[in-house]
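Based on these hints, arrange chain B on the given structure of chain A.
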Amino acid sequence: MRATIIILLFIVALFAKEDRVDIKAQILEKIFLNIHIDKGITLWCDNKHLLEELKKSSYLIVTDKCAAATIIVVENKESIESDENCKNKPIFVLNYELLKNIPESFGAFFWKKGRPNIVIIEPRAVFQNIRLSKELETYKEEKVW
Amino acid sequence: MVKKREFGIFFLLFMLGLFFAYIYTHITKTKNDIFERIQNHQIEQISYILQNIEIDMLDTSEIITTKDMFSMFKKEYVRAEYEHIISLMLTSNVKYVYILYKDEQNRFRFLLDASKTDKANFNQKFDVDSPEYEAVFSTKKPQVIQQNDVENLYLTYLYPIISNGDVIAIFNIDITTNIQKIILESIKPLETFFVVLIIFVLLLMVMTILQIFHYFVTRRKIFTDQLTNTFNRNYLEETLPLLNLSNYSLAILDLDKFKIINDTYGHRTGDYILSQTSKVFKESIRDNDILVRYGGEEFLLLINNRDKAKSALDICERLRKNINKERFVYDGHEIRVGVSIGLHKYPYLEKNFQEAIKIADKMLYIAKKGGRNRVISYDEKESTENSSSSGDISFVKEAIDENRVICHYQPIYDYKQSRIFKYEALVRIVTKEGIVIPPFAFLPQIKETNMHYKLTQRILLIVFETFKNNNKLVSINMNFSDLINSDIEETIINNLKDNQHLASRVTFEILESDEINNIELFKQKINLIHSLKAKVSIDDFGSGYSNFKTIIDIEANFLKIDGSLIKNIDISAKDFKVVKSIIHFARQSNMQTIAEYVHSEDVYNKLLLLDIDFMQGYYISEPKEALIGEEELFQAL
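One line per chain: the protein sequences are A and B, in this order.
The numbering used here puts the first residue of the first sequence at 1, with every later residue one more than the last.
The numbering used here puts the first residue of the second sequence at 1, with every later residue one more than the last.
Hints in this document: simulated from the structure, not taken from any laboratory.
Where a beta carbon is used, it is the ideal one built from N, C-alpha and C, also for glycine.
Check before you lean on any hint, since a few could be wrong.
Below, a sample of chain A positions facing chain B; criterion: calculated Cβ distance under 8 Å [to be verified]: (1) ASN88; (2) LYS112; (3) LYS113; (4) GLY114; (5) ILE118; (6) VAL119; (7) GLU141.
Have a look at the derived ranges for each label pair, beta carbon to beta carbon [said to hold, decoys possible]: (8) A:PRO103 to B:ASP118: 29 to 39 Å; (9) B:THR25 to A:GLU137: 40 to 50 Å; (10) A:GLU142 to B:ASP166: 24 to 34 Å.
Under the rule of at most 25 Å between Cα atoms (straight-line distance), these lysine to any residue pairs were calculated in the SDA-like manner [claimed, not checked]: (11) A:LYS100 to B:ALA135; (12) B:LYS74 to A:LYS77; (13) A:LYS140 to B:PHE108; (14) A:LYS112 to B:THR91; (15) A:LYS100 to B:SER71; (16) A:LYS112 to B:PHE122; (17) A:LYS77 to B:PRO142; (18) A:LYS143 to B:TYR235; (19) A:LYS134 to B:SER115; (20) A:LYS112 to B:PHE137; (21) B:LYS624 to B:LEU461; (22) A:LYS112 to B:GLU81; (23) B:LYS74 to A:ILE121; (24) A:LYS112 to B:SER87; (25) B:LYS345 to B:TYR235; (26) B:LYS102 to A:ILE121; (27) A:LYS30 to B:PHE108; (28) A:LYS143 to B:ASN123; (29) A:LYS143 to B:ASP68; (30) A:LYS112 to B:LYS119; (31) A:LYS112 to B:PHE126; (32) A:LYS112 to B:SER115; (33) A:LYS143 to B:PHE122; (34) B:LYS102 to B:LYS140; (35) B:LYS257 to B:ASP68; (36) B:LYS102 to A:LEU136; (37) B:LYS119 to A:ASN95; (38) A:LYS30 to A:SER133; (39) A:LYS140 to B:TYR77; (40) A:LYS112 to B:PHE108.
Chain A extracted, bound-state conformation (with noise of 0.2 Å):
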């Protein structure tokens, strides 16, 4: 599995534009697939766009409404600040300096100078009893920097 996330995120760089959505819900879809919380996973995006392509998934699980979510993938803070719903659910962000923000959020995937990076910040998800697959043992990071 591992391997097949670094090939995918070679595959991307070689040939995805940053904006492609659908690329985004691929990499997502692998990501989550080797996420495990107690609740089982459901998502919800903050990103339409993005959050009509994670539906598209025949493995996730993903939801309109934030309230419903046991995730939420966020592209913009201040969408989430003035959602009551939103609160206290581990956060998955598409930004890195949204990782800094946002205290709740575990893990990132972003684009750094063209290409596609993950970042798990390790001691927030085992707070949140987010437990993670080995494959993602690579991107596991001890704090933001």
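Just chain B, lined up with the frame of chain A:
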């Protein structure tokens, strides 16, 4: 024969396509060459600057290990200082400049990022996927990564920072595609132009291939006779220029009495016989022999001479015997067919193929004349005997083509009323030198050849033209084979059907002979003449084969007594009696009589005693080109 023109066009297009492809490749190669030069130039410049920074960094800060580097850049003001220095490298082409190191877990992290955009934090992890990053550490040499225009990146240059022989960090320079894009945009129209040209040429090539393919598909149809499944004349015409005639003997095959089969059993039976006999022909020849249906029941066979074991004559004989053995059954009728074959062993000796065909055709005629169902080969003996034959055929052909066929007209005299009753049209050919050649010099040689029919046709046209606008009567000689020839029949009908004034003044003098082997057909054709209101005369009656029953049945208008009975009538009592009997028979049968060969006054006077109706001969008048009047008769005296 195979569409040379299309192959030529295809070859030209192919060469043109190659030329355009070469130019396109050359442009692409030049483009890549320019890119490579630009790249090398950029790298060279960057390397020079990086080298200076590296020296400055290592020397001034006494850095030996990666840890030293980490410690140094951990200080924000140091980072700021070096970021400022390194950022001077940023141009419109150099997008990102940063320094990476490899941690204990072999993950790359940022030490410093001098980029103006998408800036990374100190020690932030950086996921890299290219093997060149590891290669920098293992080879300790700079590496170049070709990017794929992701985020406008063209290439990444990795420059190792080496201390004490170890790579402790790497400079990472990301270069944009700006210049390349400008070059590409400049060259693009030219590239597009050649791509369009190549596509166009390829399309033309495809169309040409399709045309050639279509040609080959329809070729079989075009070159095959549908009824007999043998080659047809088209094939012969196409193949002939490519054939080496010295490898072939030429035979002309003609089914004996095929017309009778057609007339007796119908055309369907005729077609069946043709298809079956051609099957036998094909089974009797070899693969390298060429069988062509030359027309009607006539086949042309090119016998390959490479197989010395079997001579062309043997093959023709085998073919003839195989046909003889066959019993063709159609619609309950068992039909046996014979074949006559004229063979020319060495057609290449003739000046052209048509000449060779004429000789083979002549041999075929001899075979027919000799009783049919036989093979006659052209050899030295026949060559001598018939040395002039092919010349005679071509002599007549040329005369027809060059309008040198004329008619002389001999008066047929009505002595009772002392007037010219009518004229007999007699063919002549005028040579190129202006000499008038009588028919006995060329008619026998072309008898039963197509040329004979063509000549008859020409005579008919000349006579019809001469007599259509006067009130005189005319006789035209024809034999049975002329009468049953469809072209001749068509000429007669076309000219007489709607011109009764002319038709009523025309008499067809049919030679009465054993050639009339199909009485019913003969009667049918005579009826046709009667229906057109033209008249029929029996020519040369009394000398050879005289079928009184047929003569009565066809209701001829005139009976011309053969010259051999007339010429000695003044001295031969026997001839006198025969002629007297004929005149009696004719009168009883309601026919008027004509005596030909009246060459002397004695003959003329003798005939007066017999009360013959009309007379003709040199005594009265020789044939003349013009239609003479009564005042010019008896001038030979």
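Going down the list of hints, with the structure as the test:
1. Hint status for ASN88 of chain A: violated, given a least beta-carbon distance of 27 Å to chain B, over 8 Å.
2. A cut of 8 Å between beta carbons decides the hint on LYS112 of chain A: the least distance to chain B is about 6 Å, and the hint holds.
3. Nearest Cβ of chain B to the Cβ of LYS113 of chain A: about 5 Å, under the 8 Å cut. The hint holds.
4. With 8 Å as the threshold, the beta carbon of GLY114 of chain A comes within range of chain B, its nearest partner Cβ sitting at about 3 Å, so the hint holds.
5. For ILE118 of chain A, the interface hint holds, the least distance from its beta-carbon to any beta-carbon of chain B being 6 Å, beneath 8 Å.
6. Among the interface hints, the one on VAL119 of chain A holds; its C-beta lies about 6 Å from the nearest C-beta in chain B, closer than the 8 Å criterion.
7. For the restraint placing GLU141 of chain A at the interface with chain B, the shortest Cβ-Cβ distance is roughly 6 Å, inside the 8 Å limit, so the hint holds.
8. Between PRO103 of chain A and ASP118 of chain B, the C-beta spacing of about 24 Å breaks the proposed range 29 to 39 Å.
9. Taking the beta carbon of each, THR25 of chain B and GLU137 of chain A are about 48 Å apart, inside 40 to 50 Å as hinted.
10. In this structure the supplied range 24 to 34 Å holds for GLU142 of chain A paired with ASP166 of chain B, their Cβ-Cβ distance being about 26 Å.
11. For the given pair, LYS100 of chain A sits about 33 Å from ALA135 of chain B by alpha-carbon distance, which is inconsistent with the 25 Å threshold.
12. A C-alpha spacing of about 29 Å is found between LYS74 of chain B and LYS77 of chain A, which places the hinted pair above 25 Å, so the restraint is violated.
13. About 13 Å separates the Cα atoms of LYS140 of chain A and PHE108 of chain B, which keeps this hinted pair within 25 Å; it holds.
14. A hinted pair counts as satisfied when its Cα atoms are at most 25 Å apart, and LYS112 of chain A with THR91 of chain B qualifies at roughly 19 Å.
15. Restraint check: the Cα-Cα separation between LYS100 of chain A and SER71 of chain B comes to about 23 Å, which is no more than 25 Å; the hinted pair holds.
16. For the proposed pair LYS112 of chain A and PHE122 of chain B, the alpha carbon gap of about 14 Å is at most 25 Å, so the pair holds.
17. A C-alpha spacing of about 41 Å is found between LYS77 of chain A and PRO142 of chain B, which places the hinted pair above 25 Å, so the restraint is violated.
18. Simply put, LYS143 of chain A and TYR235 of chain B have alpha-carbon atoms about 90 Å apart, too far for the 25 Å limit, and the pair is violated.
19. Restraint check: the Cα-Cα separation between LYS134 of chain A and SER115 of chain B comes to about 33 Å, which exceeds 25 Å; the hinted pair is violated.
20. Of the pairs offered as hints, the one joining LYS112 of chain A and PHE137 of chain B holds, with about 22 Å between alpha carbons and a cut-off of 25 Å not exceeded.
21. Proposed proximity of LYS624 of chain B and LEU461 of chain B is supported: the alpha carbons are some 18 Å apart, at most 25 Å.
22. Using a Cα cut-off of 25 Å, the hinted pair LYS112 of chain A and GLU81 of chain B holds, with the two alpha carbons roughly 23 Å apart.
23. About 21 Å separates the Cα atoms of LYS74 of chain B and ILE121 of chain A, which keeps this hinted pair within 25 Å; it holds.
24. Taking the CA atoms of LYS112 of chain A and SER87 of chain B, the gap is near 18 Å; set against the 25 Å cutoff, the hint holds.
25. Proximity of LYS345 of chain B to TYR235 of chain B is assessed by CA-CA distance (about 21 Å); at most 25 Å being required, the pair is judged to hold.
26. With a C-alpha separation of about 19 Å, the suggested pairing of LYS102 of chain B with ILE121 of chain A holds against the 25 Å cut-off.
27. Restraint check: the Cα-Cα separation between LYS30 of chain A and PHE108 of chain B comes to about 22 Å, which is no more than 25 Å; the hinted pair holds.
28. Restraint check for LYS143 of chain A and ASN123 of chain B: satisfied, since their Cα atoms lie roughly 11 Å apart, inside the 25 Å limit.
29. Using a Cα cut-off of 25 Å, the hinted pair LYS143 of chain A and ASP68 of chain B holds, with the two alpha carbons roughly 22 Å apart.
30. A distance of roughly 8 Å separates the Cα atoms of LYS112 of chain A and LYS119 of chain B; the hinted pair therefore holds under the 25 Å criterion.
31. Restraint check for LYS112 of chain A and PHE126 of chain B: satisfied, since their Cα atoms lie roughly 8 Å apart, inside the 25 Å limit.
32. Distance hint between LYS112 of chain A and SER115 of chain B is fulfilled; the C-alpha atoms sit about 12 Å from each other, no more than 25 Å.
33. For the suggested pair LYS143 of chain A and PHE122 of chain B, the alpha carbons sit about 12 Å apart, so the restraint of at most 25 Å is met.
34. Proposed proximity of LYS102 of chain B and LYS140 of chain B is supported: the alpha carbons are some 14 Å apart, at most 25 Å.
35. The hinted pair formed by LYS257 of chain B and ASP68 of chain B fails the criterion: a straight-line CA distance of about 118 Å is larger than 25 Å.
36. Using a Cα cut-off of 25 Å, the hinted pair LYS102 of chain B and LEU136 of chain A holds, with the two alpha carbons roughly 19 Å apart.
37. For a cut-off of 25 Å, the pair hint linking LYS119 of chain B to ASN95 of chain A stands: about 12 Å separates their Cα positions.
38. Restraint check for LYS30 of chain A and SER133 of chain A: the C-alpha separation of about 11 Å stays at or below 25 Å, so the hint holds.
39. At roughly 29 Å between alpha-carbon atoms, LYS140 of chain A and TYR77 of chain B are farther apart than 25 Å, so this suggested pair is violated.
40. The straight-line distance between the Cα atoms of LYS112 of chain A and PHE108 of chain B is roughly 13 Å, inside the 25 Å bound, and the hint therefore holds.
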